[in-house]
Amino acid sequence: VRYCELNSAVNPVYAINDHRVQRNFRVRADAMARTPTAKTEFDRRGHSHIRNVLNGESARALYRWLRDDASWGLKLCNGERVLGVPPSEYSRCTSSDLRGFADIAYTAARLGFAFMREEIWCSSATMQGYPEGGHVVAPLLDLLNSDELQKLIVAVTGYVSTRLLKVAIERHKPGHFCTFNNGSSPSARLGVRLDLTPAWQVDWGGLCEFTNFFGAVDAAYRPEFNSLTIYSLSRPQGISFVAPFARAARYTVVCQLAASNVDEVNSSDAVCSSN
Amino acid sequence: MPFVARIELSDSLDVDCLRASFARKGRLLIGQVLRQDCATALREYLESDTEWGISLAPNARGRRFASAVTYRGFNRSQMRDVFDIAYSDGGAQYAHLYETFSLSNYRNGSSRAGQYYAQFCEFVRSEPFLRFVRQITGLESVRTSTMVACRYRAGHFYASHVDATGGDGHRASYILNLSDYWDAQWGGLLRFKREDGHIDEAYLPRFNSMSIFLSSLEHAVGIVAPYAQHARYSIAGDLLE
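Protein chains in written order, with my numbering: chain A, 2 to 276; chain B, 439 to 679.
Certain hints may be false.
Below, computed lysine-lysine pairings styled on DSS-like, alpha-carbon distance capped at 27 Å [unchecked claim]: (1) B:631 x A:174; (2) B:463 x B:631; (3) B:463 x A:40; (4) A:152 x A:167; (5) B:631 x A:40.
Bear in mind the hints are in silico, worked out from the structure with no lab data behind them.
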């Protein structure tokens, strides 16, 4: 099986450009009203979880696309390098190939940071090949960049300004995992997970786990359909190993965001005005 | 193998603080619970001088057990069957797979390990330990306890369940963690759910720590990942009226 080392040119993590095609996906009208409770939790623990964040049809449409129409490739990290198997190759992988990839990821996990999961394999260039509005990624990016979602994130976190840096659309199946990490973008402060998994048992693993100062897990969120988990990247988080007996896949849109607080915005404004 | 002194609680335990912690959630994790040399000796005996059988179940029914003698003779096909059976109901409540060993029925009771296991059995039924449990839990009716050693290796787990089966005098449970080192990302954490189905807290099985929790609390041991570098050793038991 052909796999490649990923760099910025072919990395399926999207560089966020302005792909404004159409606005199909919307935040629920009442989501903003639930942010005070979420903010309290974020302030106390550095992470927060909001249920029913998109309107029902948006969430269902996204899930249908992820389940039925998306092309998935494999992505794994063996410590220093990120390796990818594009969908055309991945669909031809034998069980022996998959065991080989798992061995690479599991060996790496014994030594340090590692992960293995499926991602939607799509660069900005390939996105352009889709008929306008026919591809879900563009309106999804629109949703993630939208004022209504950004306002919600600001309300929960207390930052006054946020900016999307990276997005990945992930599918975790049995045997997949991601060890604890603080995000891959040096300038990222916040992580956001939009979960689109319709049904999940907590015993299947695949939990979004947060560690405390002592290296123990002090909270974990199970996948929950149409929920948003917002967390500070100052504390390590990871996805626990998905059990071989899990009977579903875990679908998540994962974002990393830059964020500024009041002081930083003010000092930035001061620099701009002095120039 | 060192032959060490009597098994005793650590003399640094703050009972008042532990009682307050237990009162908040009906559970707690106590660090450094035994004297360090006692815990070290227990771990070394478990690692080197133990005959592990295996316990498995796909759900609340159909629990199976293979004795150490039988389990030792399993070929690769039988080992695959063990996993297939345990996984067959998708990790339903009470599904489990782990290796187990009865401390009180150790056949080589005259060996040093046997003598030490017998001493441990005596310890967890002794008044000092039971008084300690009563003081921090407030469960004045606790009068005795059970004990079984457990080893979780890659792929092993215990799905969500409650220990109390009703009318059996089971008030609380304890787990004494004896793995030398454990990394949270290896899985194998003792998880407690919130009412909304998410995880409130997951105890890391640190060496010589003991979790004590009400037997009415739903809990689980998460699956141990294939990249775990050690086995997870513990001694678990029921605290009974």
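Consistency of the hints with the structure:
For a cut-off of 27 Å, the pair hint linking residue 631 (chain B) to residue 174 (chain A) stands: about 22 Å separates their Cα positions. A threshold of 27 Å between alpha carbons decides the hint, and for residue 463 (chain B) with residue 631 (chain B) the separation of about 11 Å falls inside it, so the pair holds. For the proposed pair residue 463 (chain B) and residue 40 (chain A), the alpha carbon gap of about 23 Å is at most 27 Å, so the pair holds. With a CA separation close to 18 Å, the supplied pair residue 152 (chain A) and residue 167 (chain A) stays within the 27 Å bound.
Of the pairs offered as hints, the one joining residue 631 (chain B) and residue 40 (chain A) holds, with about 22 Å between alpha carbons and a cut-off of 27 Å not exceeded.
The structure fails none of the hints (numbered hints given earlier).
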